[in-house]
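Novice: Since the structure of chain C is provided, determine the placement of chain X on it from the hints.
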Amino acid sequence: MDRDLELQLVERLRAGDPDAFDAVHAAFNDRLYNFLARLSNRREVAEDLLEETWLRLVVHARRLAPETRLGAWLFTVARHLHASYCRSRLLEDSHATSLVGLWPYGRPEPSPLEEAEANEVHRRVATVLASLPLAYREALLLVSVEGLRHAEAAEICGVTPEAMRQRLSRARALFARGLAGGDVTGLTSLKERTT
Amino acid sequence: MTPDETHDLVFERLEQLPSLAPDCDRADRVRIRCRACLERTRQYRRRTTAVTGFGRRAVAAVAFATFCILYVAGLVTQLRGFL
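Residue numbers (this note's numbering), protein chains in the order written: chain C, 1 to 195; chain X, 1 to 83.
Chain X on its own, in the form it takes in the complex:
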């Protein structure tokens, strides 16, 4: 038997193998479990992102306000010196 004939025979025989089906109920349970896990992770990430975003904005606002107050205070001090 030539290598090509062997190749064909193997392919032919392996193609005849019946496809095995997994347990549908278990497959569905696993799928639902994985979906739930992904959903939980996604919600957690959304919450974390929202909290982090709010925190970042709050810090920026406070820093800007502090800068403005210091600037105005410095300005007022200088004006008092002139007067």
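Okay, chain C solo, but in the shape it has when bound:
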């Protein structure tokens, strides 16, 4: 999005202009959905988080800084919402485990997202991406899929640009190894990070 147009939209959003919201929604809805769907691996979760992201924008519209970068702002909110969702899921799972004992947790059936992948190559790419640790997955999604700059992705993830570059480099290496048939989950000591 053109920076001047973006600044105008921010100004109009601050004034509560619904047409400005429509323009922002049209520009970012699909991108945010893609990001959330690939991050969570579940369509219904992505839809819920997407809705919550837009509601956050409406609630905070008046308090946006005049020079806000809308893309970075929206992806940051979406990422935080996904992190909150992961934390609540973890809590629910731990409660369930304590109640029913050692119930095997996993993914017994392919998710709707996996089913939607049209062909073998897409499925393979999506599977490898989905199996990457969360921190690497979000780095790849933001930079390689969404085309954000390293600095923007770093800001969204709350890390330094240098850390983001390192993370991306490892993510790419893991991704390539996964495509070649290697195990991506066992190759790194980095835990799934939700924050």
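These are computed hints drawn from the structure, not numbers from a lab.
Nothing here was measured: the structure is a model prediction, and the numbers come from that model.
Glycine residues also receive a C-beta, built at the ideal position from the N, C-alpha and C atoms.
Incorrect hints may appear among the rest.
[What the hints assert, rightly or not] So the derived label-pair ranges between C-beta atoms look like this:
(1) C:Arg63 <-> X:Arg33: 15 to 23 angstroms
(2) X:Arg29 <-> C:Val121: 32 to 40 angstroms
(3) X:Arg33 <-> C:Thr160: 31 to 39 angstroms
(4) X:Asp8 <-> C:Ala26: 29 to 37 angstroms
(5) X:Arg40 <-> C:Asn119: 40 to 48 angstroms
(6) C:Leu7 <-> X:Cys68: 43 to 51 angstroms
(7) C:Arg124 <-> X:Ala21: 15 to 23 angstroms
(8) C:Glu11 <-> X:Arg33: 16 to 24 angstroms
[Unchecked claim] Looking from chain X toward chain C, a few residues come up when the C-beta cut is under 7 angstroms (computed):
(9) Ala27
(10) Val30
(11) Cys37
[Claimed, not checked] To be clear about the criterion: a stretch of chain X counts as covered by chain C if any three or more of its residues have a C-beta under 8 angstroms from a C-beta of chain C, and this derived list gives those stretches:
(12) 11-24
(13) 40-49
Specialist: Below, chain X without anything else, positioned relative to chain C:
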């Protein structure tokens, strides 16, 4: 495989990922809901601003009128003293 080749491969593969489309009906419902919310907030702010503006003008007018009355009353009192 060199790092550059890895980089290219990753980009190429990720570009092949099909774009996922959200549920259009739900997206539209959310958009309309958000629009309505913004519209309500805007109308509320307009009303509040109008009421506050009127109140401010009324207070200023009353204060000015009071000052004028006191001034005239003081003037009249002084004139009576002279006469």
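Novice: If you check each hint against the structure, which ones fail?
Specialist: none
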